[in-house]
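K.L.:
Position chain B against the provided structure of chain A, taking the given hints into account.
There are 2 protein chains.
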Amino acid sequence: MDDRALLASIRHLIGEDETADDCAGFDLQDGRILVSSTDMLHETTDFPKGMTEFEKGWMSAAVTLSDIASCGAQPIQILVAIGLDDPSRLVPFMEGAVSCAERFGAKVAGGDIDSHTELTVVTTGIGIVEKAHYCRRSGASPGDLVCITGTPGRAMAALEGDERYRENLLTPIPQVEAGIKIGRAGASSMMDVSDGLAISLYDMSDASGVGFALDSAKFTLPAVRFGSAMEYYLYGGGDFGLLFCIPPARLSALDTDHTVIGTVVREKGVWCDGEIVEKRGYAHTW
Amino acid sequence: MDDRALLASIRHLIGEDETADDCAGFDLQDGRILVSSTDMLHETTDFPKGMTEFEKGWMSAAVTLSDIASCGAQPIQILVAIGLDDPSRLVPFMEGAVSCAERFGAKVAGGDIDSHTELTVVTTGIGIVEKAHYCRRSGASPGDLVCITGTPGRAMAALEGDERYRENLLTPIPQVEAGIKIGRAGASSMMDVSDGLAISLYDMSDASGVGFALDSAKFTLPAVRFGSAMEYYLYGGGDFGLLFCIPPARLSALDTDHTVIGTVVREKGVWCDGEIVEKRGYAHTW
Numbered sequence: 004m005d006d007r008a009l010l011a012s013i014r015h016l017i018g019e020d021e022t023a024d025d026c027a028g029f030d031l032q033d034g035r036i037l038v039s040s041t042d043m044l045h046e047t048t049d050f051p052k053g054m055t056e057f058e059k060g061w062m063s064a065a066v067t068l069s070d071i072a073s074c075g076a077q078p079i080q081i082l083v084a085i086g087l088d089d090p091s092r093l094v095p096f097m098e099g100a101v102s103c104a105e106r107f108g109a110k111v112a113g114g115d116i117d118s119h120t121e122l123t124v125v126t127t128g129i130g131i132v133e134k135a136h137y138c139r140r141s142g143a144s145p146g147d148l149v150c151i152t153g154t155p156g157r158a159m160a161a162l163e164g165d166e167r168y169r170e171n172l173l174t175p176i177p178q179v180e181a182g183i184k185i186g187r188a189g190a191s192s193m194m195d196v197s198d199g200l201a202i203s204l205y206d207m208s209d210a211s212g213v214g215f216a217l218d219s220a221k222f223t224l225p226a227v228r229f230g231s232a233m234e235y236y237l238y239g240g241g242d243f244g245l246l247f248c249i250p251p252a253r254l255s256a257l258d259t260d261h262t263v264i265g266t267v268v269r270e271k272g273v274w275c276d277g278e279i280v281e282k283r284g285y286a287h288t289w
Numbered sequence: 004m005d006d007r008a009l010l011a012s013i014r015h016l017i018g019e020d021e022t023a024d025d026c027a028g029f030d031l032q033d034g035r036i037l038v039s040s041t042d043m044l045h046e047t048t049d050f051p052k053g054m055t056e057f058e059k060g061w062m063s064a065a066v067t068l069s070d071i072a073s074c075g076a077q078p079i080q081i082l083v084a085i086g087l088d089d090p091s092r093l094v095p096f097m098e099g100a101v102s103c104a105e106r107f108g109a110k111v112a113g114g115d116i117d118s119h120t121e122l123t124v125v126t127t128g129i130g131i132v133e134k135a136h137y138c139r140r141s142g143a144s145p146g147d148l149v150c151i152t153g154t155p156g157r158a159m160a161a162l163e164g165d166e167r168y169r170e171n172l173l174t175p176i177p178q179v180e181a182g183i184k185i186g187r188a189g190a191s192s193m194m195d196v197s198d199g200l201a202i203s204l205y206d207m208s209d210a211s212g213v214g215f216a217l218d219s220a221k222f223t224l225p226a227v228r229f230g231s232a233m234e235y236y237l238y239g240g241g242d243f244g245l246l247f248c249i250p251p252a253r254l255s256a257l258d259t260d261h262t263v264i265g266t267v268v269r270e271k272g273v274w275c276d277g278e279i280v281e282k283r284g285y286a287h288t289w
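Read top to bottom, the protein sequences are chains A and B. Add 3 to a position in the first sequence, counting from 1, and you land on the number used in my numbering. Add 3 to a position in the second sequence, counting from 1, and you land on the number used in my numbering.
Bound conformation, chain A alone (with noise of 0.2 Å):
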């Protein structure tokens, strides 16, 4: 069982929205959404050897304002919770969360601390964005361009030894301010595909009731060394890239780098050059 379907078990509890998206969302009733997610994070399962502490804080603020930033809103706080091993720890930690929040403009504004056997914490990002520019997963409509932003796969490269690409893999770039760009421009659905590229695909497929077609031929491939470049662009997990669908009268005002990679389609699933791509990415399992 992955965590997918375990999320499938609850969905009577919690609502088939609130279950649709990494953030949820909450009307200010003043024109305004408040945007809010949790990710949980520990040493053995989501940190990579070799790790600094000061690393592990910036990665652990940098997911839950990735999630922020793919609802188009600006992050205001983070909060974290921090279960520690060893005490000592807490102050690089720290440092890396608050230095990669002040970079994107929020604040980390309180958190608990408590004792544990492994480290573990879980960052709560929270952010604000106008009714107009919120975008969710859903919203995707036949005939919109699908876009990401940066290059899928490097993450993953990183991860099998390609020291190049250490960075994208152990202290992530939040997409920020590409986020609240394209929300303004009128994307019509977006997320973050911090789990793969093709596994986001397919959740917003479930979300938005539709399918994608993509042109490999439109791909900025990584560079890699070794392993596929296309394995990694499409099934890698740990960028921290934005995909989104946009109708193609409103790209002209996205003033943000990004990549079409092939246009919404009425039938729900996933295709590239025509051959259906495999739903598969990162999960946790038990």
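Hints listed in this document are in silico derivations from the structure and should not be mistaken for laboratory results. Please note that the accuracy of each hint is not assured.
Each pair may be met inside one copy or between any two copies, as identical chains are not told apart.
Claimed, not checked - EDC-like cross-link-like pairs, simulated, lysine to aspartate or glutamate; straight-line CA separation at most 20 Å:
| # | residue 1 | residue 2 |
| --- | --- | --- |
| 1 | Lys110 | Asp20 |
| 2 | Lys134 | Asp30 |
| 3 | Lys134 | Asp33 |
| 4 | Lys110 | Asp209 |
P.N.:
This is chain B only, laid out in the frame that chain A set:
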């Protein structure tokens, strides 16, 4: 080293103001304050033996709702990040968390599901309060009355084996309605006493720069079968009552059950019947 000492070690990173309360506040610039709080609980240290999964879920929501309540705020959302050793625990756990959140007007709006060697839960609560009614640990002034809701010590009595108080320990009731009323009545400061009354008074003393003179004749002690009622009352953790200070003239405006237990004095510290109260309560230690 305990968690209060550890928190002090990162105060320079996060800010004096941000580390002074259980909740972080954010000014929505429209007369409202957004408050947020996060709490980590895990199996071995936070869930007494014999608790059901439902009760663990309830308690996980309750601890953060209690923090939101202590600001005088109405909770709007709860996020639940859960690390599971066994995925079959998820549904009953979430049933408890959702029941608790809904009872107090909040929605479980999202979360994260992870695998972990030990059941580890972080709940984050978000609430909203009018700026004029926002309460913090700071703000108590000499001459104010010191008050509490509920009867501290019952959860501790249950932990020591008194079955009559099982619900106080395992399905505690966050004082959301009382907190809102206390804020509206014009309390000068407020916090919950989940770490114990004495240590909470010391925390409030630090934040407000004042002291507290308690009068034990005013205490409503729990009826205990063994152990010392006074020990449980002052030093027992796990109760979800609210500690607040309020100018005497405002007390008549307060329409919620409470006990006046003393007065605010100029000198920092905590005294009961003229004797210094020990500075101890619940704390994580390494």
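K.L.:
So, for every hint listed, does it hold in this structure?
P.N.:
Consistency of the hints with the structure:
Taking the shortest alpha-carbon separations for Lys110 and Asp20, only the inter-copy value of 12 Å comes in at or below 20 Å, while the best intra-copy value is 28 Å. In the homo-oligomer, the alpha carbons of Lys134 and Asp30 lie at most 20 Å apart both inside one protomer (8 Å) and across protomers (19 Å), since each shortest distance falls under that limit. Taking the closest pair of Cα atoms, Lys134 and Asp33 come within 20 Å of each other both inside a single copy (9 Å) and across two copies (16 Å). Taking the closest pair of Cα atoms, Lys110 and Asp209 never come within 20 Å of each other, the shortest separation being 33 Å inside a single copy and 23 Å across copies.
In terms of the numbered hints stated before, the structure departs from hint 4 and from no other.
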